[in-house]
Each structure stands twice: as structure tokens, then as C-alpha cells.
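Engineer: Residue-level listing of the chains:
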Amino acid sequence: MTAALEIRHLSKRYGDKRALDHVDLTVEEGSIFGFLGANGAGKTTTLRILTGLAQPSHGTVRVLGHDVAGAGNDVRAEIGFLPDVPGFYEWMTADEFLRFAGSLFGIPKRTLDERVRVLLELAGLTGVGTRIGGYSRGMKQRLGVAQALINAPKLLMLDEPTSALDPMGRRDVLEMLASLKGRTTVFFSTHILSDVERICDTVAILDQGRVMVQAPIDELKARYGASKVIVEVEEGAEALAAEIGAQPWASAVEHPENGTIEVTVSDTTAAKRAIPALVAARGLALTRLEAGEMGLEEVFVELVGGEQR
Amino acid sequence: MRGFAAFVRKEAVEIVRTWRIWVLPGLLLVFALTGPVMAKYTREIVGAAGGSQMAAVIAGIPIPTYLDAYAQWIKNLSQIALFAIIIIYGGIVSSENKSGTAILVLTKPVSRSAFVVAKALVHSAFLALTVLLGTLLTWGGTSVMFGAAPAGPLFAAAGAWLVFGVLFVSVMTLLSVLVDSQAGAAGIGLGVYALVSISAIWEPVGTYSPAALAGRPMAIAAGQSADVTWPIASALMLSVALVAMAAWAFRRKEL
Numbered sequence: 001m002t003a004a005l006e007i008r009h010l011s012k013r014y015g016d017k018r019a020l021d022h023v024d025l026t027v028e029e030g031s032i033f034g035f036l037g038a039n040g041a042g043k044t045t046t047l048r049i050l051t052g053l054a055q056p057s058h059g060t061v062r063v064l065g066h067d068v069a070g071a072g073n074d075v076r077a078e079i080g081f082l083p084d085v086p087g088f089y090e091w092m093t094a095d096e097f098l099r100f101a102g103s104l105f106g107i108p109k110r111t112l113d114e115r116v117r118v119l120l121e122l123a124g125l126t127g128v129g130t131r132i133g134g135y136s137r138g139m140k141q142r143l144g145v146a147q148a149l150i151n152a153p154k155l156l157m158l159d160e161p162t163s164a165l166d167p168m169g170r171r172d173v174l175e176m177l178a179s180l181k182g183r184t185t186v187f188f189s190t191h192i193l194s195d196v197e198r199i200c201d202t203v204a205i206l207d208q209g210r211v212m213v214q215a216p217i218d219e220l221k222a223r224y225g226a227s228k229v230i231v232e233v234e235e236g237a238e239a240l241a242a243e244i245g246a247q248p249w250a251s252a253v254e255h256p257e258n259g260t261i262e263v264t265v266s267d268t269t270a271a272k273r274a275i276p277a278l279v280a281a282r283g284l285a286l287t288r289l290e291a292g293e294m295g296l297e298e299v300f301v302e303l304v305g306g307e308q309r
Numbered sequence: 001m002r003g004f005a006a007f008v009r010k011e012a013v014e015i016v017r018t019w020r021i022w023v024l025p026g027l028l029l030v031f032a033l034t035g036p037v038m039a040k041y042t043r044e045i046v047g048a049a050g051g052s053q054m055a056a057v058i059a060g061i062p063i064p065t066y067l068d069a070y071a072q073w074i075k076n077l078s079q080i081a082l083f084a085i086i087i088i089y090g091g092i093v094s095s096e097n098k099s100g101t102a103i104l105v106l107t108k109p110v111s112r113s114a115f116v117v118a119k120a121l122v123h124s125a126f127l128a129l130t131v132l133l134g135t136l137l138t139w140g141g142t143s144v145m146f147g148a149a150p151a152g153p154l155f156a157a158a159g160a161w162l163v164f165g166v167l168f169v170s171v172m173t174l175l176s177v178l179v180d181s182q183a184g185a186a187g188i189g190l191g192v193y194a195l196v197s198i199s200a201i202w203e204p205v206g207t208y209s210p211a212a213l214a215g216r217p218m219a220i221a222a223g224q225s226a227d228v229t230w231p232i233a234s235a236l237m238l239s240v241a242l243v244a245m246a247a248w249a250f251r252r253k254e255l
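Chains as they are written, first to last, in the working numbering: chain A, 1 to 309; chain B, 1 to 255.
By construction, these hints were calculated from the structure, which means they are not laboratory data.
Keep in mind that a hint or two might mislead.
[Unchecked claim] Using 25 Å as the maximum straight-line C-alpha spacing, the simulated BS3-like pairs for lysine-lysine come out as follows:
id	chain 1	residue 1	chain 2	residue 2
1	B	Lys98	A	Lys140
2	A	Lys140	A	Lys154
3	A	Lys17	B	Lys253
No experiment lies behind these values; they were computed from the predicted model shown.
So here's chain A without its partners, still in its complex pose (with noise of 0.2 Å):
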């Protein structure tokens, strides 16, 4: 596998303020790479840096193995870009927005006719005649994805892709986003964890201009995601979540609310077995026992969660 993005000590500083800081990065060519942090941790940055709308106060970054610093148009015709709120020619209809960014690329007439009439489709907007400037943002946001994709892209670069979208034209950018995997990579920065859940196989995950973490979804589940058990008792909570959280599998336990503990531990089948047991030596009435895997919200959480607050 080869590098489709590399960055190495990416630094950006406006003023005092380090927009970011170090940053190491590698998505390997056809994967889906989910860039998670909340907002103002960096993502848009980054991308402004990768896509040559910015320079970087330090470091190297590499996009389709060129030199992002010095690449031209021959590395720009190999991408496609969705800014996080994209601008368009507002007296322009959909289709014609399409044709002219196509031709951009100088893509031939016949292909441009067939790739415009399907990511037309694709984004909702097949027979929509009026100008862009009377759209929605959901509308503008597909829209926005169309004409990323209309020079079929090595490599697709989206910043919040999904964040204007309702829940059904979330479901169908995430679901076009999926199908793309091996053909093209796509780096998609987003605060909605669920959504890289259901389609990324990598992951980083920034927090205020630095690089937390990068790693497969499972590799990072497995690595952060201590399994949880979740335990409800009717009283007595508060003396059975000490109990617990002296137990040697008990790595953390939350305090309890309304008789609800949750406990973070290292050895799930042993938790499972000695809490019915602590619960029955104190005579409590058990109304809960689950045990689950963590899922990334929690693994953001942890990582970024404490200072954050």
C-alpha cells in the first residue's frame, strides 16, 4: 500500500494562536479515513493546508506523493474537494454548475453529459431547474459533494460532509462515501462520530492542533476500548459502586445515578461473574447487569474528553 496523504510535523500558526501543532498523519491509497475532532480542534485547517488554500508555518505535506507546497494543476486535476460550507455562482442551476466545473478539468463532452446526469441523481437534484441561490443547504451540500466527485477523484478530500444533511441525505452521502471504497480515497473530516463508525476503516482523531491518535476503528477500539458493564441496583448503589471499583478487573467506575453504575474494566467475563455475587452478598435487588464494548464516542471521550472541560 501506497500513501495517498502524508504529513510529517505539520504546524500552522496564525498570529500566538498554533492552529496546529506536529501533526503526523499516513492514509494509506483506497481506504476511508475518518478525521474526527470538535470544532476549532483543526480539521478545516488541515484540509485548507492539503488542498493548497493555505501554507503551513512547518512541516511537509505530500498528496498523491507530490510536494503540496509546490503541486500544481497536475496534482489538482487527481482531487476533489468539498469545502465545509462550499460557495457556488448562485445564478447558476445545478446542472450548469456541474458542466462548468467539469470543464475545469477539461473533461471531454460525452463523459461530462453521462457523469453530470449521475451525480445529479446521486445528489437529489435530477429536473431541479432554478438557480443555486434559491437552494437549501442540504441541497447545496450535495451539490457540493456532486462536484467533488465530477473529475472521479483519486482522492477525495471533504470537510464536514454530512454536517448541513438531514438524516436521510446523511444516510445517502455516507452510503456513496462507502461504495468508493478501494477505487478512490476519501478523507472526510466530521465531529459526528456515528458516521465514521459506519464507513471508516482509519481513524485520527485531533484535539486542538494536535494528533491524539491514528489507527484502524477496531485496532483503536481494542487499544482504548475497554469493555464497560453497566450494573443497576434498586438501593444501595452508591456502597456496592465501592465495592466494586476495589475489585482488581475494575479499572474506573462512575458514580452512581439512580442506582446506575458504570464500570470500565479490564476482564469482562471475570466482572460478570463476581457482580451478581457482591450484589447478593449485600442483599441488594439487581435490576441490570450488561455488558458491552466501548464505542468511539467513549474512546473520543477519553482522549479528548478531560480537556475539553
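Model the placement of chain B on the given structure of chain A, informed by the hints.
Structural biologist: Quick look at chain B alone, frame taken from chain A:
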């Protein structure tokens, strides 16, 4: 190059499909149509407005000729049209940055230099077409009003002014790259115009530099002989340099 051609086409179509087709051409065509009429009937208009009290003033107004209509047209170009250019083109580049359209274009195979050069070229051509149409209408209107209307002085004066107009399209292209606010760029543009007009008082500047084009077209329209070879050559060279500087500055700008 294909991207450049497509972007040039977009700029041209955008003029036709948006407010741009109405403002500058509308303004100039109104002046072109009314100029010869106003020149012909200035005495009557003043008389109707002022009555018998204005008799002495009217007597002092010379009998109008076609040269008055020509002078009226060039005066309108030199003042109102130039101010319109400065205000309209204050956002020639920055408006695309602000609306986000520049980002979608510049992440495709269109270089930033091509983006800036295409805009300066298309809008200079648009100005040339508008001025040509307005000058033709002025010529026709003058011919109807005054009978005699030799084309030479009118087209020579309009041509000389057009070079000055193109220079200001270039000035505003550079200012629009450097200043994000359209109003800010327009304000500086008006300041540049004032400086250029004042500097023409100093003879070397007023003879050889583009500043000469602030006043000499009026002299040409009035039938006087005025050499504008040097001012035209220096204005064209400066226009090219200004657009090149705009492209250079835009390449270094963060979007």
C-alpha cells in the same frame, strides 16, 4: 489552459446573467443617449429653468456644436464612469473569496494567476465593448442633433480614455486582492484616482505618464491636438504590471 478558457467563459456569462450587465452599460448608455440632446438644448434648458433672470447667462453660452456633445461624453467617462469602475471592481477578486466560490475553483486545475488574469481580461474587454457601444450611440446622436459629426476626435478621445479605464480595472484588480473589503478597496481606488489627477499638474508626469489620460481625452474631444502616445504606452505597460502584481500577491494569499 483548458481551465483558464473555462473560467474566462464563466466570467463572460456571469456578466450577462447578473446585475453587471445593467449597471455600467446602463449608466453609459443613458449618458450616450442624453449627452447630444443636452448639449444641443443647454441654452433652452437653462432658459426654461431660469426664466428672464437668466437671459444674461444664456447670452454668454456659446452656440453649441458637435464638439460640445463629444466633450459631454468624455467628461461623463472621465468622472462618473471611472467612479463606477472603481466602486464595481473593488470586489472583483475579494467577492469570490468572501462567497467561497474561489475555493471551489482554485482546488481544481485553475492556477491563481489564471484566475486573476482571466478576470482582468474579461472585464477590460467588457469595458471596451461598453465604451465602444456608448461612443457609437454618442456619434449617432450627435449626427442627428447637429448634422455634422466627424468621427475622428470622438473615437480618438474615447480610445485614449478607454486605456485609462483599463488601467483602473487593473488597479482595482490589485486592490481587490490586497484588501478583503470591497468598500475599502474602492476607497483606496478613489484615493489613487485623486493622486493621479493631481500629479498630472507636474509637467513630466502630465506629459509622459498615464496621469495625462485623466485630462487629455477631453482636449482631443474638443478638437485640440494632444499627443497621447507616451501616456497610452505607459498606461498599458503599467496595467500589465499591476495585473502581474495582483497575480503574484494572490498566489501568496491564504484563502
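Engineer: Output the numbers, in ascending order, of every earlier hint that fails for this structure.
Structural biologist: none
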